[in-house]
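Enquirer: Fit chain X to the supplied structure of chain V, relying on the hints for placement.
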Amino acid sequence: MVKQVFLKIEQNQPLTDTVCQMVLSGDVSGITAPGQFVNLKLDGLYLRRPISVCDLAEGRLTLVYKVVGQGTEQMRTLPVGTILDVLVGLGNGYDTSKSGPRPLLIGGGVGIPPLYYLCRRLLAEDREPTVILGFNTAAEQFLAAEFAALGVPVIVTTVDGSAGKKGFVTDGMAGVDYSYFYTCGPMPMFRAIDKVAATGGQFSFEERMGCGFGACMGCTCKTKYGNKRICRDGPVLEREEIVW
Amino acid sequence: MVNLSVALCGIPLENPIIPASGTFGFGYEFAELYDINCLGTFSMKGTTAQPRFGNPAPRIAECPQGMLNAVGLQNPGVEKVISEELPKLKACFRKPVMANVSGFSEEEYVQVCQALDAQEQVGWLEINISCPNVHGGGMSFGTSPEAAARVTRAVRAVTRKPLLIKLSPNVTDIVSIARVCQEAGADGLSLINTLLGMRIDPRTRRPVLANETGGLSGPAILPVAVRMVYQVYKAVSIPIVGMGGVSCARDVIELMLAGATAVQVGAQNLVDPLACPRIIEELPAEMEKYGIKDLNEIIGGAHKWEKM
Chain V
-6 MVKQVFLKIE
4 QNQPLTDTVC
14 QMVLSGDVSG
24 ITAPGQFVNL
34 KLDGLYLRRP
44 ISVCDLAEGR
54 LTLVYKVVGQ
64 GTEQMRTLPV
74 GTILDVLVGL
84 GNGYDTSKSG
94 PRPLLIGGGV
104 GIPPLYYLCR
114 RLLAEDREPT
124 VILGFNTAAE
134 QFLAAEFAAL
144 GVPVIVTTVD
154 GSAGKKGFVT
164 DGMAGVDYSY
174 FYTCGPMPMF
184 RAIDKVAATG
194 GQFSFEERMG
204 CGFGACMGCT
214 CKTKYGNKRI
224 CRDGPVLERE
234 EIVW
Chain X
940 MVNLSVALCG
950 IPLENPIIPA
960 SGTFGFGYEF
970 AELYDINCLG
980 TFSMKGTTAQ
990 PRFGNPAPRI
1000 AECPQGMLNA
1010 VGLQNPGVEK
1020 VISEELPKLK
1030 ACFRKPVMAN
1040 VSGFSEEEYV
1050 QVCQALDAQE
1060 QVGWLEINIS
1070 CPNVHGGGMS
1080 FGTSPEAAAR
1090 VTRAVRAVTR
1100 KPLLIKLSPN
1110 VTDIVSIARV
1120 CQEAGADGLS
1130 LINTLLGMRI
1140 DPRTRRPVLA
1150 NETGGLSGPA
1160 ILPVAVRMVY
1170 QVYKAVSIPI
1180 VGMGGVSCAR
1190 DVIELMLAGA
1200 TAVQVGAQNL
1210 VDPLACPRII
1220 EELPAEMEKY
1230 GIKDLNEIIG
1240 GAHKWEKM
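First to last, the sequence lines map onto chains V and X. Just so we're aligned: 31 in my numbering is position 38 of the first sequence, and the numbers increase by one with no gaps anywhere. Just so we're aligned: 1035 in my numbering is position 96 of the second sequence, and the numbers increase by one with no gaps anywhere.
Be careful, since some hints might not be right.
As the list claims (entries may be wrong) - Below are the DSBU-like pairs computed for lysine-lysine, each with C-alpha atoms no more than 30 Å apart in a straight line:
1. Lys217(V) <-> Lys1027(X)
2. Lys1228(X) <-> Lys34(V)
3. Lys1029(X) <-> Lys(-4)(V)
4. Lys1029(X) <-> Lys221(V)
5. Lys(-4)(V) <-> Lys1027(X)
6. Lys215(V) <-> Lys34(V)
7. Lys215(V) <-> Lys1019(X)
8. Lys221(V) <-> Lys1034(X)
9. Lys1019(X) <-> Lys217(V)
10. Lys1228(X) <-> Lys215(V)
11. Lys(-4)(V) <-> Lys215(V)
12. Lys1228(X) <-> Lys221(V)
Read the hints as simulated data drawn from the structure, not as lab findings.
Here chain V stands alone, though its shape is the one from the complex (with noise of 0.2 Å):
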């Protein structure tokens, strides 16, 4: 459910040298399903920014963010304290129920984060999930480490082959049985997946949004079952609706 919150920095640390996590506490019960993302309001900047749910407990949110603009360059510089104006509970999420007995979760770059509260969900529903996780170097992985802790097996792949698996995505996914994927990631990763995937799968899509709860039609897609809004009937969309 949508809600407007406002939320605590507990914590906000860099994990690499452009990705960070931020900690934040308070109402955040809006939030019903993993892959949902938040909207957060910064000073001087108009827009809000979507960011998506990297984790979720009681009262707590974690965020992962890359840096890459004006709005996650100034979520960087908050301190522990700040209180946030969040929309929380926006989009319609993973959908854990289609995940069969062995889902494989794939990851690339800075859409790894809603990986690890879906790895969570998937897992307290009793399924085995398989981790592919893709960086473009060694010097780029986070979240890694933290994967590899739930006791799920976890397949880095590098593009320059400095850490894991030399390659992409995909190159992890040979050789891997599963019963369903979720991902999320750059286009190109979800265009070479959609070539070798062998199941059918969830991918969560990431678009320039105005409002993030569906008002304003800002970021809307073609589907094979009309047009939808990334913001409120996705971010994700499963694999046999999409239009590429």
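Expert: Chain X alone, transformed into the frame defined by chain V:
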């Protein structure tokens, strides 16, 4: 107790606050967040004869104190608006609603107005001759006095509902367009639509919007709206619905002093979904601060200082 109620073209409004077309969909997203019956009314998503997907993404860009949009009139088409959206709206909104009409030809405006004229839930027709994000329609009707008059006359002939013409600020002389719309039979004027703008990303060296240009809205345009409402008020005798960058009760009072009878709130709904109920709640205290007992007293109030 202060009085917030006004009348717009003969239809009473509990208060002058109206979410603007394109920032409020068909109401349901907001009905989940608050009881939208607290609003004066709202202006529905711009409707065309046929369904429209709109422009390719990205359609939105950040700006200093505002935003650009180039949605391009995405809407389900008038048939679906009538068969699906209006019945759904009936469940959460009991007041007359404002229908916003767009078109690519005079015939299309007429066709959509005819269909909406027959709908009991529709209180006013707001004719958008000022969309900057479509080609061959929209703003091209609102930037020439002749075309604006033709569209106004044509839709006037097919509806007895109050007819508001929504004007473009992207003109040399908005007053002359306002005048011809009044002469052609408009019952009121809505102004301003967005200002044509553009952003370029230095990283990619490309326009941020796929449509290259878009409409600027948000607090950045409030002074332009105040100026245009003020100028048009002097030249016409029909009511004005003022809009452009309104984000708080103070802005509402300012636009009403310039000459607005009612005030639309646009972009602010997108960044602050509870903006309208907040403004309605703030209004009485803000009025008291300035010694205003009845909003009707201040409509055009700034004009009494004009030099004779």
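Enquirer: Run every hint past the structure and note whether it holds.
Expert: Each hint tested on the structure:
1. Of the pairs offered as hints, the one joining Lys217(V) and Lys1027(X) holds, with about 24 Å between alpha carbons and a cut-off of 30 Å not exceeded.
2. Of the pairs offered as hints, the one joining Lys1228(X) and Lys34(V) holds, with about 29 Å between alpha carbons and a cut-off of 30 Å not exceeded.
3. Distance hint between Lys1029(X) and Lys(-4)(V) is fulfilled; the C-alpha atoms sit about 24 Å from each other, no more than 30 Å.
4. Note on Lys1029(X) and Lys221(V): the hinted pairing holds, with a Cα-Cα distance of about 23 Å set against a maximum of 30 Å.
5. For the suggested pair Lys(-4)(V) and Lys1027(X), the alpha carbons sit about 22 Å apart, so the restraint of at most 30 Å is met.
6. For a cut-off of 30 Å, the pair hint linking Lys215(V) to Lys34(V) stands: about 28 Å separates their Cα positions.
7. Between the alpha carbons of Lys215(V) and Lys1019(X) the distance comes to roughly 18 Å, so the proposed pair stays at or under 30 Å and holds.
8. Between Lys221(V) and Lys1034(X) the alpha-carbon distance is near 29 Å, which keeps this suggested pair within the 30 Å criterion.
9. Proximity of Lys1019(X) to Lys217(V) is assessed by CA-CA distance (about 19 Å); at most 30 Å being required, the pair is judged to hold.
10. Taken as a hint, the Lys1228(X) and Lys215(V) pair is broken in the structure, with Cα atoms around 50 Å apart against an allowance of 30 Å.
11. For the hint pairing Lys(-4)(V) with Lys215(V), the CA-to-CA distance comes to about 27 Å; that is within 30 Å, so the pair holds.
12. A threshold of 30 Å between alpha carbons decides the hint, and for Lys1228(X) with Lys221(V) the separation of about 45 Å lies outside it, so the pair is violated.
The structure shown violates the earlier hints numbered 10, 12.
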